[in-house]
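Asks: Single-letter residue listing:
Protein chains: 2
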Amino acid sequence: MSGAITPETAPPRAVVRFDCTGRAVGKMRNELDVRMVEPMEEHFELATDEGPFHGGDASAPPPLALFVGGLTGCIMTQIRAFAKRMGVALNDLQVEARVAWDWEKAGRLYETAPKFFEIDVLIDSDAPLDLQLDLVQAARKGCFIEQTLGRENRITHRLKTAEGWVAADDRRAFDPD
Amino acid sequence: MSGAITPETAPPRAVVRFDCTGRAVGKMRNELDVRMVEPMEEHFELATDEGPFHGGDASAPPPLALFVGGLTGCIMTQIRAFAKRMGVALNDLQVEARVAWDWEKAGRLYETAPKFFEIDVLIDSDAPLDLQLDLVQAARKGCFIEQTLGRENRITHRLKTAEGWVAADDRRAFDPD
Numbered sequence: 094m095s096g097a098i099t100p101e102t103a104p105p106r107a108v109v110r111f112d113c114t115g116r117a118v119g120k121m122r123n124e125l126d127v128r129m130v131e132p133m134e135e136h137f138e139l140a141t142d143e144g145p146f147h148g149g150d151a152s153a154p155p156p157l158a159l160f161v162g163g164l165t166g167c168i169m170t171q172i173r174a175f176a177k178r179m180g181v182a183l184n185d186l187q188v189e190a191r192v193a194w195d196w197e198k199a200g201r202l203y204e205t206a207p208k209f210f211e212i213d214v215l216i217d218s219d220a221p222l223d224l225q226l227d228l229v230q231a232a233r234k235g236c237f238i239e240q241t242l243g244r245e246n247r248i249t250h251r252l253k254t255a256e257g258w259v260a261a262d263d264r265r266a267f268d269p270d
Numbered sequence: 094m095s096g097a098i099t100p101e102t103a104p105p106r107a108v109v110r111f112d113c114t115g116r117a118v119g120k121m122r123n124e125l126d127v128r129m130v131e132p133m134e135e136h137f138e139l140a141t142d143e144g145p146f147h148g149g150d151a152s153a154p155p156p157l158a159l160f161v162g163g164l165t166g167c168i169m170t171q172i173r174a175f176a177k178r179m180g181v182a183l184n185d186l187q188v189e190a191r192v193a194w195d196w197e198k199a200g201r202l203y204e205t206a207p208k209f210f211e212i213d214v215l216i217d218s219d220a221p222l223d224l225q226l227d228l229v230q231a232a233r234k235g236c237f238i239e240q241t242l243g244r245e246n247r248i249t250h251r252l253k254t255a256e257g258w259v260a261a262d263d264r265r266a267f268d269p270d
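One line per chain: the protein sequences are A and B, in this order. Everything in the first sequence is counted per the numbering used here, starting at 94 for the first residue and increasing by one. Everything in the second sequence is counted per the numbering used here, starting at 94 for the first residue and increasing by one.
Pulled out of the complex, with its shape left as it was, chain A reads as follows (with noise of 0.2 Å):
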């Protein structure tokens, strides 16, 4: 593993940025351009559609999909890679992951909020077990999408004008109906 960042390597703090491009493309799929832009420049290419019942082609995974397998496949991350900085042996590993949110109509269009986020996590490890409670608590506070979602965040909103961007974050007169 020549190269990899270690403890010791690892600078006291940074920032992690990705940004994504995101372009409609035919009923409802979406072309992803993902970079990660700090701490390093890397590039992938991502997509989402809806099945047929939500009038798409099923031709990429739906958005909410990404959203669960990237919340898995986070905290899977940061307990692997915690577990032998803790001295902790992980003969396998695995996780099961249960998200739902609230769906209501309003008018023509609907509303979601979430419902509850369950996460199952299964260790073989011959470790004690005060030892993996611990490393699931640490993977926890690494886990950036577990940081993330534990706490309220504010996503600002520009929209795209001739005259140049304008903000799209506060309509307090709008009515869904």
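Calculated from the structure, these hints are not laboratory results.
Treat identical chains as interchangeable: a pair holds within one or across any two.
Here are the simulated lysine to aspartate or glutamate pairs, DMTMM-like style, with alpha carbons at most 20 Å apart:
hint: 1; residue 1: K234; residue 2: E245
hint: 2; residue 1: K208; residue 2: E131
hint: 3; residue 1: K177; residue 2: D217
hint: 4; residue 1: K208; residue 2: E245
hint: 5; residue 1: K208; residue 2: E189
hint: 6; residue 1: K120; residue 2: D185
hint: 7; residue 1: K208; residue 2: D112
hint: 8; residue 1: K177; residue 2: E204
hint: 9; residue 1: K234; residue 2: E204
hint: 10; residue 1: K234; residue 2: E197
hint: 11; residue 1: K234; residue 2: D262
Position chain B against the provided structure of chain A, taking the given hints into account.
Replies: Quick look at chain B alone, frame taken from chain A:
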């Protein structure tokens, strides 16, 4: 688009649920079996991996790429789904997302926290600006991932032991050093 759900055929409310089983393989690759469970059953195979710098084989995108791609795809899907219902004819749509996290070393481990989420929406349409802004706001309310990120969520964790499931959420005395 026969069989597609419409505002008229949609139920008043529903639960949307995704489950994911992740299996650790190789060095840092996670194989993800993602299933939409409600309102209907669908199945998707995904994977994440890290690059060599983080001890992986780069055989799949990292979890954060799936997360940022899912967020971008989700808001785009809502904009496209609502545009027709709101009388906005979309000639084209592009979305640019920028998501960053702070990362800080903590002994042999690390901790992370969200830094910013920025979404730029580029709509090509002859619809008036006011209606385009209404569309963006409606899309945000219908976007599962936006609504999830905009509030503090509780993720519950359990660890499998020989005696059954143990809660893996409260480790007050744990010190990452």
